[in-house]
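**Q** This is what each chain is made of:
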Amino acid sequence: MLKPKTHYDALVVGGGIAGQETALNLANLGYKVALVEKDYSIGGKMILLSKVFPTLDCAACITTPKVSETARHPNIDVFTYSEVEDIYKQERGFKFTLRQKPRYVTEDCTGCQLCEQVCPVVVEDQYQYGLIGRKAIFIPHSIANPRIAAIDMDNCTLCGLCENVCPPKSIDFTQTEQVTQITATAVVLATGYKLFDPTVIKRYGYGKYKNVVTAMQMERQLVPTRPFNNVLRPSDGKVPDNIAYVLCTGSRDATVGSPICSQVCCMYSTKQAQLLMGALPMADVTLYYINIRAYGKGFCEFYQQARSMGVGYVKGKVGRIFEKDNGNLIVRYEDIETGEVAETEHDLVVLSIGILPNKDYQKLFKNVIVEHDPYNYVKQVDELTSPARTSVDGVFVAGTASGPMDIPDSILSAGAASSEAASYLRKVYKQIQPSLN
Amino acid sequence: MKIGVYICHCGSNIADYVNIEQVKKAIQEQGEAFLVKDVMFACADSSQKEMVQDIKTQKLDAIVVASCSPKLHLPTFRGVARRGGLNPYNYVQVNIREQCSWAHSDDKKGATAKAIRLIQAGIEKAKNSEPLEPIKIDAVNAVAIVGAGVAGLRAAIELADMGTYVYLIEREYFVGGRITQWDKLFTTNQSGREIITKLYNQLISYKNITLFTGAEIVHTSGSVGNMQIKVRVKPRYVDTTCAFDKEKFEKAIEVCPVEVEDEFNFGLTKRKAIFKNYPGEFPELPAIDYDNCTKCGECQKVCDGIDLDQKPEYLNLNVGAILLATGFDPYEPSEGEYGYGKVPNVITLQQFKRLMELCPEQLVYKGRKIRSIAYIYCVGSRQQNGPNHYCSRYCCTAAMHTALLVKEKYKDIRNFHFTRGIRTYGKQEHIYHEALEQGDVVFQSFNDPLCQVSAHNGTAIVKINDFLTRGKPIELEADLVVLITGMVPRKDNSIGQLLKVPVGRDHFFNEIHLKLRPVETVIDGVFISGASQGPKNIMEAVNSALAAAAKANNLVKKGFISIEPTVAFVDTQQCQWCDKCSEICPFDAFEKIEQDGKQVASVITSLCKGCGMCLPVCPENAIELHNYTDRQIESMIDDLVHV
Amino acid sequence: MNDDKPKILVFSTEKISDPAIDLAGLLKMHYPATVYTVTVPCSSSIKPRWIMHAFQVGFDGVFIAADGTDCPYSDKCSENTAEIVRQTQDLMRQKGLETARLKMAAICSVCSEAFVRQIKAFYDYLIKQKQQENA
Amino acid sequence: MARTVDIIKKQRKASEAAREKLKEFNRMKKAISNALKDRPLTIPQIAEKINQPSDKVLFYLMSMYKYGLVEVDSIDEMDEYYLYRLKQQATNKK
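Chains as they are written, first to last, in my numbering: chain A, 16 to 452; chain B, 10 to 652; chain C, 14 to 148; chain D, -13 to 80.
Mixed in with the good hints, there may be bad ones.
[Unchecked claim] Taking lysine-lysine and the DSS-like style, the derived pairs with C-alpha atoms no more than 27 Å apart in a straight line are:
{"no.": "1", "chain 1": "C", "residue 1": "Lys41", "chain 2": "D", "residue 2": "Lys52"}
{"no.": "2", "chain 1": "D", "residue 1": "Lys(-5)", "chain 2": "A", "residue 2": "Lys116"}
{"no.": "3", "chain 1": "D", "residue 1": "Lys15", "chain 2": "C", "residue 2": "Lys41"}
[Unchecked claim] Pairwise CB distance ranges, derived in the manner of DEER restraints:
{"no.": "4", "chain 1": "A", "residue 1": "Gln196", "chain 2": "B", "residue 2": "Gly448", "range": "50 to 60 Å"}
{"no.": "5", "chain 1": "A", "residue 1": "His22", "chain 2": "B", "residue 2": "Phe578", "range": "43 to 53 Å"}
{"no.": "6", "chain 1": "A", "residue 1": "Leu17", "chain 2": "D", "residue 2": "Arg(-2)", "range": "34 to 44 Å"}
{"no.": "7", "chain 1": "B", "residue 1": "His442", "chain 2": "A", "residue 2": "Lys374", "range": "16 to 26 Å"}
{"no.": "8", "chain 1": "D", "residue 1": "Pro39", "chain 2": "A", "residue 2": "His22", "range": "52 to 62 Å"}
{"no.": "9", "chain 1": "C", "residue 1": "Lys89", "chain 2": "B", "residue 2": "Glu142", "range": "27 to 37 Å"}
{"no.": "10", "chain 1": "C", "residue 1": "Lys89", "chain 2": "D", "residue 2": "Pro39", "range": "48 to 58 Å"}
{"no.": "11", "chain 1": "C", "residue 1": "Gln107", "chain 2": "B", "residue 2": "His651", "range": "18 to 28 Å"}
Calculated from the structure, these hints are not laboratory results.
All values reported here derive from a predicted model rather than from experimental measurement.
Quick reminder that beta carbons are idealized off the backbone N, C-alpha and C, glycines included.
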């Protein structure tokens, strides 16, 4: 386990694209950064995506260089599978507790995956959103960084087979949690977002009807390291040929506590539709939408491209989904073009789930309050001219922690956060040492 | 040349499929290596120490590690080389895991034979390797920011805060850019001027920011880290030392007899030839619009601060980087587009924003009290027949927000929105909801034909095929039609042309990569921000300005820039200067120089990215790339096929 | 021992196609062991003389795993690489070499499946060529 | 040689849920392998043969595919369902 320093210039909470970008910018300026990620590897949600709109370059190609740059930077200490808690604002800077949880595998692991071969337990793979199994000892996913295995102790039968086969003897069941008190001059919250849980909308039958999946599950099916040998529907492995997307699932819907637009679903659905038409040339893809929000650079053109490829766009709000005996689904919707309620049969339904605030940041601080906006995102106290500032001096926000946004906006927001944090650090250090350049 | 070779077992990952003993023997027998060792884990601390020790005690000239992909451990072993006292480029990594043992786990014999060849080729490469040092270029810790709108001002303050000297160069006589023209802004309802006042006051407190107004960059030379820029500062024709004699200047404006159309109010009002856009504008000093001034001398009679003999000044500045924050132009509808210029009472959103500010009590246009307003969306954006296919992003929210302000400010006004699908993305959704809640009517054209505007008894008629009526046309009479115009690139792109900044399909400045390098351009040291790279709202423009500030500061702060030494070089004996290399180079890294009485190509190493595109096009084979020389590549090929 | 098997030289690029070939190994996708990779910065940097050299010293086929549209250096990369292939094919014709022994395909950084598929098809083609030559 | 798992075993027991999952996987693995012994089958065919829900068969079959126990054979005539077969163990490692 990496031994933390006693002091860092900046603590960055969250190792997704925004956290990495912030950490890299600060580290390149010579500041020492602690990057804390609660998951087993850095990369956030972006590293799990297939191709990204509107350029259709693959997400892995874009993130992996950034991930390795972050992991390897001499000024960044990356703490994966670790959590931050009890942050206290002090006269100068912050003190906090770092909890490094045991993965029961040491850094000697070479990522050879022999342990995975011999482990006899299969549980749902969270990185494939439950579509497929993984072992109780596992490397999170094929491009995970660090590429070190971890044991999911809740599902381990303590058979010890992994320990028998591990070539560099990196398995250590006796590993324990390490708790360290650390200080940092500035804090950047890059805690990201949560995906909307569609089981809340019972009418759509997610969790009950096997062939109703989330867009994230579809995203994984479109990645080169996908769970199945092709895009298949989960009920029986059939190659789907008539796929529906239900947009605004958990967005623009005050009844489920999510009144705002999630800003990315229209475009990722449009992208998936294009990728599906490539993967399954015979398939029909229909998007049920309210408004198509193709607002960003190249988005409108991308949307037009999907239409010209033959993706169906139906302006209509989906009311309910029914399952037939053969696993097919009946989508009932109000067709705004005709003003009537209509029904269409599909063999796979994808819910374009929205994004929700990750409220975890609200529990981090002990003696100060990082205020939130009406939707529970981190409040930007000077939204127009200092978008990264929060209600606490010295605490900055980067990426989707302050609201829904796409990848380019997250990266720009992270750029702003690093800029403001760097200015803040210089100001603080100048107070101590006025001669500082 | 003494070469040390280390063959990694990677536990069993390599050793299970590649017969390490056999490989080791083959390499030893071949006799090219001075020392051949096998190690359980080359990356382990103990192995690294052993290698450092070997380099020192055995006086090795180069090392080869055959293990995993260089993507994983190239920097690790370059570090080993450095710690042993070797140049990191005298190190070669051979990938016998991902591209050998794992790829051929079904063919152990084949994998072993391949490993031997790969390592032999690696040894060849190491034999022909040359020590390389990163190229260091001195960098001036100063940045020129072009444009003092909200993005430029914010970037300037942030860069100054981070310890970089800033030259802020504004083409107009006044700072603030577009947002000084808007009153209340979404989503905070702050006024544009309030923001600019705050930023300007902050700006002038910095010793490391120099602001030039009425200024333009007219010439640049040099390259990243050290750029020479020539700035022309237009005269203001007023004596800047009398800045605080405000009253005299007010008087001068009053007596000026010349009236011209006021661009600040988009032609809704007139201004004088000596002018300020609004009271208290920054800098708080009027300017004379020389082209329209009749030199009548009236102002000079009341104010001794006028000096019509001022001449343009030229300044030569030295900067490490340039940050463009040149903003946008609002789309100007063509005559007749939705009745613009033909039907009375058709104005653009920007005119309407100014009109609202000029009408504190009642909303009156051309003498007519306004009771109903039709907002027509996507004017100049998402064009079906025009060149602008893109969505302008800010306008749906801006229109809805304006509609809210209208109802808040004036009584009894009805708002009708003629849209093509509302795109109030993200949190801006609540503005759309508020507009609906206050009773605004929103139409959406069915299957996307555009609505039509015609004149009718002094009012305007808007016709739309609406969604809810399944495409049946609806007609509506409105006292005022507001065209919700999008953003277009600045008409005058002289700065972009001067710096050779490429533009995208939409003609805005283009970044290298929307996600990886969103504020960098292919011109090293030139950054872009704000609406100059595409439509953005204020928060987004400021985010990109601050991001660009971070990148620019990162680049120049250290005082030097290091670049990879894998750059191209020219054999001037062979070169006949045919220009092919400079034609194909995406980075303009070739220059023509004179050497020994003939013209030859020379690589500007500070511009070369080491892509090697010039290598195959040279008819004389006079160009090579460090670390990928003909000798290295061809000797590797020899050894790969060697039996 | 491997002499009867076709030998293929692959030019792969540091940032784009090399990671895909690595990933193929990582996912244990098999391809013939007589496929050797030489890494270059960009597929537009390959000199025709390198390719010709490979044929001369005994390679049966040369495969360019091109950057395609993913090229980080230039949007003209595909064009430039195609030009290199064209020029090399001219040289091959002069030497009486079958131009199909040089193959180019765009391989993105996770296109491991495509790489393996392409290289196997190329390998099979070269086997047939060899058999014909021997017959 | 001492294994760390033996130390930890003295301190705690594996969860019942984990044991259950282990058994379930073994059961399904065995059933699917048996079903595929003679010829390649589609997922619905396997499900019918071993009398298990087809979504569960998909989950375990694909997990077996991931760990190299099963491979794709071909697709049926309707281009709807893939057929899967057992993978021949290439190397018999100890």
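**Q** Honestly, do Pro39 (chain D) and His22 (chain A) meet the 52 to 62 Å range at C-beta?
**A** The hinted range 52 to 62 Å holds for Pro39 (chain D) and His22 (chain A), with Cβ atoms some 56 Å apart.
**Q** Is Lys41 (chain C) within 27 Å of Lys52 (chain D), Cα to Cα?
**A** 11 Å, holds
**Q** Are the Cα atoms of Lys15 (chain D) and Lys41 (chain C) separated by 27 Å or less?
**A** Between Lys15 (chain D) and Lys41 (chain C) the Cα gap is close to 22 Å, so the pair holds against 27 Å.
**Q** Range hint 50 to 60 Å: satisfied by the CB atoms of Gln196 (chain A) and Gly448 (chain B)?
**A** With Cβ atoms ~57 Å apart, the hint holds.
**Q** Does 34 to 44 Å hold as the CB distance between Leu17 (chain A) and Arg(-2) (chain D), or does it fail?
**A** With a Cβ separation near 26 Å, Leu17 (chain A) and Arg(-2) (chain D) fall outside 34 to 44 Å, so the hint is violated.
**Q** Cβ-Cβ distance between Gln107 (chain C) and His651 (chain B): within 18 to 28 Å?
**A** Check passed, 26 Å falls within 18 to 28 Å.
**Q** Compare the distance between the alpha carbons of Lys(-5) (chain D) and Lys116 (chain A) with 27 Å, and conclude whether the hinted pair is satisfied.
**A** 19 Å, holds
**Q** For the hint 16 to 26 Å, verify it against the beta carbon of His442 (chain B) and that of Lys374 (chain A).
**A** Given range 16 to 26 Å: holds, Cβ gap about 23 Å.
**Q** Can the suggested window of 48 to 58 Å be confirmed for the beta-carbon pair Lys89 (chain C) and Pro39 (chain D)?
**A** 54 Å, holds
**Q** Quick check: does the Cβ-Cβ distance between His22 (chain A) and Phe578 (chain B) fall within 43 to 53 Å?
**A** Given about 45 Å between the Cβ atoms, the range holds.
**Q** Between the beta carbons of Lys89 (chain C) and Glu142 (chain B), is the distance compatible with 27 to 37 Å?
**A** 31 Å, holds
Violated hint for the displayed structure: number 6, the only one.
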